[in-house]
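Student: Protein chains in written order, with my numbering: chain A, 1 to 99; chain B, 1 to 730; chain C, 1 to 196.
The set of hints was computed from the structure by calculation and includes no laboratory data.
Take the hints with a grain of salt, since some may be wrong.
[What the hints assert, rightly or not] BS3-like mimics (lysine-lysine), calculated; alpha carbons at most 25 Å apart, straight line:
(1) B:Lys526 / B:Lys508
(2) C:Lys106 / C:Lys35
(3) C:Lys106 / B:Lys354
(4) B:Lys357 / C:Lys35
(5) B:Lys450 / C:Lys106
(6) B:Lys485 / B:Lys450
(7) C:Lys106 / B:Lys357
(8) B:Lys445 / B:Lys485
[Claimed, not checked] From the derived model, a few chain B residues whose C-beta atoms are all more than 10 Å from chain A:
(9) Gly130
(10) Val496
(11) Gly624
(12) Phe637
Just so it is clear, the structure is predicted and the values come from calculations on it, not from any experiment.
From the three backbone atoms N, C-alpha and C, an ideal C-beta is built for every residue, glycine too.
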Amino acid sequence: MSAQAIHNLSLDGEINIYRAADLKLEVLAALRRAPVLEIDLAGVTELDTAGLQVLMLAKRTATDEQRELHLLNHSPAVVDIVEMLNLGAFFGDAVLIHS
Amino acid sequence: MNLDDALQTFITESRELLGDMENALLNIDLAGDQSEAINAIFRAAHTIKGSAGLFSLDHIVAFTHVVESLLDAVREGRVVLNDEMITLLLSCCDYLTGMTDGLAAGRYEADPDTAADGEMLLQQLRRHMGMDAAVTGDHAGALAVQPEPGVERMGGDAGDSDYWHISLRFGREVLQNGMDPIAFLRYLARLGRIAGMATVADALPPAADMDAELCYLGFEIAFDSSADREAILGVFEFVQDDCEIRLVAPRSKVSEYVELIRALPENPARLGEMLVLCGSVTAAELAAALAQQSQSEALATPDDTADVPPRLGSILVAAGQVAPVVVEAALNKQKQVVEQKAQENRSIRVDSDKLDKLIDLVGELIIAGARASVIGQRLHSTQLQEATSTLSGLVEEVRDAALELRMVKIGATFNRFQRVVHDVARELGKDIGLVVDGEDAELDKTVVEKIGDPLMHLVRNAMDHGIEPADVRVAAGKPARGMIKLNAFHESGSIVIQVSDDGGGLRKEKILAKAIERGLVDADRKLTDAEIYNLIFEAGFSTAEKITNLSGRGVGMDVVKRNITALRGSVDVGSSEGQGTTVTVRLPLTLAIIDGFLVQVADSVFVIPLDTIEECIEFAAEPGQDYSNLRGQVLPFIRLRSLFHVQGAPTRRESVVVLRFGKVRAGLVVDTLLGEFQTVIKPLSPIFSEVRCISGSTILGTGDVALILDVGALLQSVEGKGAALPALAA
Amino acid sequence: MPLTAINLASAPLPSQYLTFMLGEEQFAVGILHVKEIIEYAAMATVPMMPDCVRGVINLRGAVVPVLDLSARFGRGVARIGKRTSIIIAEVAEAGDEAEGAQRSGKQVLGMLVDAVNAVVEIEPADIEQAPSFGTRVRPDFIAGIGKYNGRFVILLALDRVLSTGEVVELSRRTARHEQEPWPADRCHDDRHCPDR
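Chain A extracted, bound-state conformation:
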């Protein structure tokens, strides 16, 4: 049994196509570290389709592998996209509403 049941990952800056390939590897690796992965998005300044796709892939993979993935501290950029694309239910996380 792993000492840490929850693994934390922070993502910062622009999460876009230029980082997408690397990000995918990074997130999937992190996912397999522990039964539960928490990704902190407070520092995300920009999210594009490619970046979003990686997050969605991670979520899908986690479900398939009976793991848990939680997104936390959604930055405004992330909230905006999750809302617009109606993905709140997909990710299943509580989204903090920024004023």
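Assemble chains B and C onto chain A, guided by the hints.
Tutor: Showing chains B and C alone in chain A's frame:
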């Protein structure tokens, strides 16, 4: 669909909706439960806005949007409805009616002349909503998408489908080509409001196979916008090679969504889910459509049981994507819509020109049938006569059925007066209510159209001159609130419409004095009360002390009377001083076809409306007198020969047709009685407009023209003579 | 009622006129106004109308008033002869304020004439202004005097001749003048019926 036809339909429906809005506003009980009325008003405004958007009628959309916002606020309890607001909303109704009329006249943009009024209304609307700043620019509503849980963003409109549905499937290479789908969606949002969105991630492969630089996403969007197809497609101009775009227009049938589902690669049930999720269709609609569809093709699906298409509602709830409450609400809403649709399907709209054409043809049919009968008689052929008799019977039934089509209830006309009474009462500073009875009484649509103006004048007159100011009423022991009553019923082949008020009544002495002053009547003439009251219908007569805005202009009761007479009707007034006045209008049920009775005088054949005839008797007058004794009652005579100055000698045995119109009876003396005849009324050329006793003409089976007698006018000419009739010997 | 209909509805040139006789004089009306020509047949009279309105006829299901042109021109009621005909004409009617007004626009009326002649061409160059006196016809009824085959033809201003408004005004006067019905004993003998 032809744009003009569609626009016409929009105009007609908008007028109806505005009528509904007005009615609902007038009938709101501020003290009681307003929710139903508010909802009805909101729905009307909302529908107009949506439809106007279809035609890119931005000025209407923009205006209605603000109205709708206020109504929404009321609906949600954020704003409380009061009298002032109702009046404001009524003015908004009028303004919208003005814009609709402008549309009908070919004006597709805001009218600069009335724009200021519109702006003022908008300001007042905003004030009530508590918004001080003017709403900026984007009318079609780039409203900020509220940060609510995704499910509720669908809004209550799940069943209405007045949004575009946009289906996007981006190509794999779109990201590598430098395009960002999300950026396009943001751009789309500038053209309208994304009312619902479902992200389709079905194509996303397992992690091992997924290439992070390819795009696997698609979107199903419900889009609230007044933009047209081109504009929407224009948004995706730069990705059109890298994206499959499918559009379903607002108000499309569910079958079109089913077609969309078929065209898309994903599992139909999944797609259905998504369509429901983004609000383009409701669960029930789609379930029904899909169930029908999958009866003919087995859906081999990896995750669903193939034999029974899964109930969408349960799929959605099970997947945790839609709360059960929402599904139920959607289903309930759907039930309402279905019920309403069922009601609407029970009647169909018919172009009134088509109806008129039908009536004309039926008329020709009657004449042709009559001709056939005449020939049958001349040929003395029993077989032919039997055949034509059957034919005539059937034609009569067709005639009755056709005329039925033109009958409309007078209720709609009466209810228009609610608004009139409401507004005029305010203008006059009087408290006046309207009671309406007999709304189900039916009459010919042409009559209904023409009776509106005279009735309007009568009602305004009653309000202006009839109802006293509140203090006078109270002093007289009457309730402060005056009452106007509109009543309609059928009586002996006519329709009777009464306009009554509980005001001060007509003042006989005043009327008589004025009439004498105007030279309408001799000072020493003795008149009955009824005759005095009816003097108000004489031309140029008006006893109003001051001419108000509404009536007393001298374009008064005489015009009303003429209009009614032109419809072959009659008008009468009765009154009781201090208590009130009643004006009674009598009109024929139909202007197109009548059952008539033919009579002959010399070479001329005349038609008498059958329902005015009581009986026919032999001519026998008291010698040298113009009347006879009919079972103890005096029956005055009208000799057609003398009245119409027909030359030649009468037949030796003349006949008398006993006529009755309203309360007056008289005997019409003619040469010969020819029998019953159903006949089509051909209006007389305006060249004959001064001929009093003839109301129309018709064509007999022989091809000859016969004139139709205006019994009302005939009997009036007898009445007006004023000669006292001698008492009958005991 | 046999009809001899010459349908002149096909697009005519403006210089074509239908000529006809009233007594010894020849008149003409622009072809554009003429819908058809029918033989005379007895018609239904309408009471209380001036002499110039002869009656109404059944024209294929429509009830059309017929004006007596002779009476209209003040020459007394027309006498029916062998060649008496009815010209069915269409005139534009200015919208009038009569409350019972039917559609304003086109009015169809018949004109009773003694004989119908041919359709002729008269060039505008051959048309002169009507003299202000000397003709036996009201000046405002005359659109011009045309010359055809050496003869003079009076071109009628049909809108004035067939003016509904004027006829209605006439009928109003007739109605007022003849308000009282004749006494019952007056009509038993033709000799005692006065001329109108």
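Student: To test your reading of the hints: which numbers does this structure violate?
Tutor: none
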